[in-house]
Amino acid sequence: MTPEVADTEVPGTQRTADDPPGRYVFGIVVRDAGVPEDVHGLDDQPLTTLAEGEIAAVVQSFDVTRRLGTRADLLAHSAVVDALAGQGPVVPVRFGSVMEDQADVVETLLAPQHDHFRDLLTDLAGKQQFNVRATYVEEMVLAEVVDENADIADLRARTRDLPEDAGYAQRVRLGELVSQALDAKRADEADQLLDRLVPHAVAHRVREGGGLEHLLDVALLVADKDRAAFEAAAEELAADLTPRVRLRLLGPLAPYDFVPEG
Amino acid sequence: MTVSTSQRRGGGYLERPAPSGLADVIEIILDKGIVIDAYIRVSLVGIELLTIDARIVIASVDTYLRFAEATNRLDLYEHGGKDLPELMESMTESGASGKTSGALKGAKKAITGGDDDDKESSSRPRKKATSSSRRRRES
Numbered sequence: 029m030t031p032e033v034a035d036t037e038v039p040g041t042q043r044t045a046d047d048p049p050g051r052y053v054f055g056i057v058v059r060d061a062g063v064p065e066d067v068h069g070l071d072d073q074p075l076t077t078l079a080e081g082e083i084a085a086v087v088q089s090f091d092v093t094r095r096l097g098t099r100a101d102l103l104a105h106s107a108v109v110d111a112l113a114g115q116g117p118v119v120p121v122r123f124g125s126v127m128e129d130q131a132d133v134v135e136t137l138l139a140p141q142h143d144h145f146r147d148l149l150t151d152l153a154g155k156q157q158f159n160v161r162a163t164y165v166e167e168m169v170l171a172e173v174v175d176e177n178a179d180i181a182d183l184r185a186r187t188r189d190l191p192e193d194a195g196y197a198q199r200v201r202l203g204e205l206v207s208q209a210l211d212a213k214r215a216d217e218a219d220q221l222l223d224r225l226v227p228h229a230v231a232h233r234v235r236e237g238g239g240l241e242h243l244l245d246v247a248l249l250v251a252d253k254d255r256a257a258f259e260a261a262a263e264e265l266a267a268d269l270t271p272r273v274r275l276r277l278l279g280p281l282a283p284y285d286f287v288p289e290g
Numbered sequence: 002m003t004v005s006t007s008q009r010r011g012g013g014y015l016e017r018p019a020p021s022g023l024a025d026v027i028e029i030i031l032d033k034g035i036v037i038d039a040y041i042r043v044s045l046v047g048i049e050l051l052t053i054d055a056r057i058v059i060a061s062v063d064t065y066l067r068f069a070e071a072t073n074r075l076d077l078y079e080h081g082g083k084d085l086p087e088l089m090e091s092m093t094e095s096g097a098s099g100k101t102s103g104a105l106k107g108a109k110k111a112i113t114g115g116d117d118d119d120k121e122s123s124s125r126p127r128k129k130a131t132s133s134s135r136r137r138r139e140s
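Sequence lines, in order, name chains A and B. If you read the first sequence in this note's numbering, its first letter stands for residue 29, the second for the next number, and so on. If you read the second sequence in this note's numbering, its first letter stands for residue 2, the second for the next number, and so on.
Be a bit skeptical, because a hint or two may be false.
Quick list of the computed label-pair ranges, beta carbon to beta carbon [to be verified]:
{"#": "1", "chain 1": "B", "residue 1": "Leu66", "chain 2": "A", "residue 2": "Thr150", "range": "48 to 58 Å"}
{"#": "2", "chain 1": "B", "residue 1": "Asp63", "chain 2": "A", "residue 2": "Leu190", "range": "11 to 21 Å"}
{"#": "3", "chain 1": "B", "residue 1": "Pro18", "chain 2": "A", "residue 2": "Gly238", "range": "35 to 45 Å"}
{"#": "4", "chain 1": "A", "residue 1": "His144", "chain 2": "B", "residue 2": "Glu70", "range": "46 to 56 Å"}
{"#": "5", "chain 1": "B", "residue 1": "Gly13", "chain 2": "A", "residue 2": "Ala215", "range": "23 to 33 Å"}
{"#": "6", "chain 1": "A", "residue 1": "Asp268", "chain 2": "B", "residue 2": "Val62", "range": "51 to 61 Å"}
{"#": "7", "chain 1": "A", "residue 1": "Gly62", "chain 2": "B", "residue 2": "Ala24", "range": "26 to 36 Å"}
{"#": "8", "chain 1": "A", "residue 1": "Ala260", "chain 2": "B", "residue 2": "Pro18", "range": "15 to 25 Å"}
{"#": "9", "chain 1": "A", "residue 1": "Lys213", "chain 2": "B", "residue 2": "Ala24", "range": "18 to 28 Å"}
The set of hints was computed from the structure by calculation and includes no laboratory data. It should be emphasised that the depicted structure is a prediction, and the values quoted were computed from it without experimental measurement. All residues carry an ideal CB built from backbone N, CA and C; glycine is no exception.
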């Protein structure tokens with residue numbers, strides 16, 4: 029990471045308010061993919077591509093001193109990358125990635141890893157990401173936990189009517205036991221859920237999650253030809269899980285979870 | 002900006018919101034995608050704060066206390082929640098017929114305290130008893 033490049037002047041480029049030389053990078057696509065019509069970048073700037081060999085970066089002009097992270101920035105990034113995914117394979121680039129200028133994008137990003145990105149794009153062609161999140165309905169799963177664990181039922185009976193400042197240690201212990209019981213339940217059930225979805229996907233990544241209601245958060249890479257079967261499986265799973273578990277499906281999305289981080 | 006709506010399709014149990022809400026977008030894109038060597042990481046405003054809380058729960062005393070509180074609050078949820086009619090129905094059918102799902106049985110048992118708890122729950126002072134739980138015990 030070299031923050032000082034922000035101050036480097038590139039010969040032949042002029043930094044003006046209208047067309048700063050910095051380039052915000054959204055993703056990498058196959059060379060002739062082009063940019064989707066009607067989709068604009070951050071600050072409503074037009075999208076352009078910078079090509080190298082068989083691949084191209086989708087970028088926009090960007091002032092490298094501008095701070096990022098507003099709601100509009102996040103939504104714009106997401107809208108562009110998803111629009112790219114809608115027209116062909118895309119390797120998403122992490123939110124907030126800005127390079128010095130056009131030459132930097134081509135020479136630092138595209139050229140050195142040309143074959144790597146090309147192969148990745150070939151692998152991702154015809155596949156989309158879906159995110160599935162299963163959450164417990166809190167009151168129902170807690171009722172199960174109380175019902176299934178005598179220790180918990182007992183501690184609950186002893187602590188529930190105590191004033192706030194009494195029974196502190198017992199309440200901590202109760203929470204710990206509930207937490208452990210939920211972990212065990214979750215581990216068991218998450219595997220069962222995965223067994224129903226993973227056969228329809230070419231790859232999956234379990235995403236980190238937390239909280240009392242958390243059951244499973246998973247990203248699945250699904251081939252277009254399997255999409256209908258996958259969606260039907262998710263629908264059927266949701267019906268089987270109701271009312272104690274809610275199932276939520278997001279997608280199709282760009283393959284955010286299926287590109288190497290480096 | 003479109004408002005994220007829960008459209009229900011097909012069988013109707015699978016929630017399929019359009020991922021246009023900020024929370025969804027943050028979850029989908031944050032820390033995802035390739036990292037470019039030697040790029041300029043423009044200062045990211047406030048995002049870290051937004052997400053840490055939502056994504057990771059560290060097992061701590063605070064977490065345990067929250068879990069305990071939620072567990073102790075149980076009957077308030079159940080009697081005030083939107084599933085009330087359904088739960089009440091399952092209670093009326095009680096003793097029943099295996100039609101009720103395991104989950105509902107579990108819920109019902111926890112509300113009533115279960116058979117072996119009945120004595121205790123009726124003799125114990127219940128500051129938090131709601132009108133509907135009182136009604137149920139009298140019936």
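> What hint numbers does the structure not satisfy?
Replying inline: Violated hints (numbers, rising): 3, 6; every other hint is consistent with the structure.
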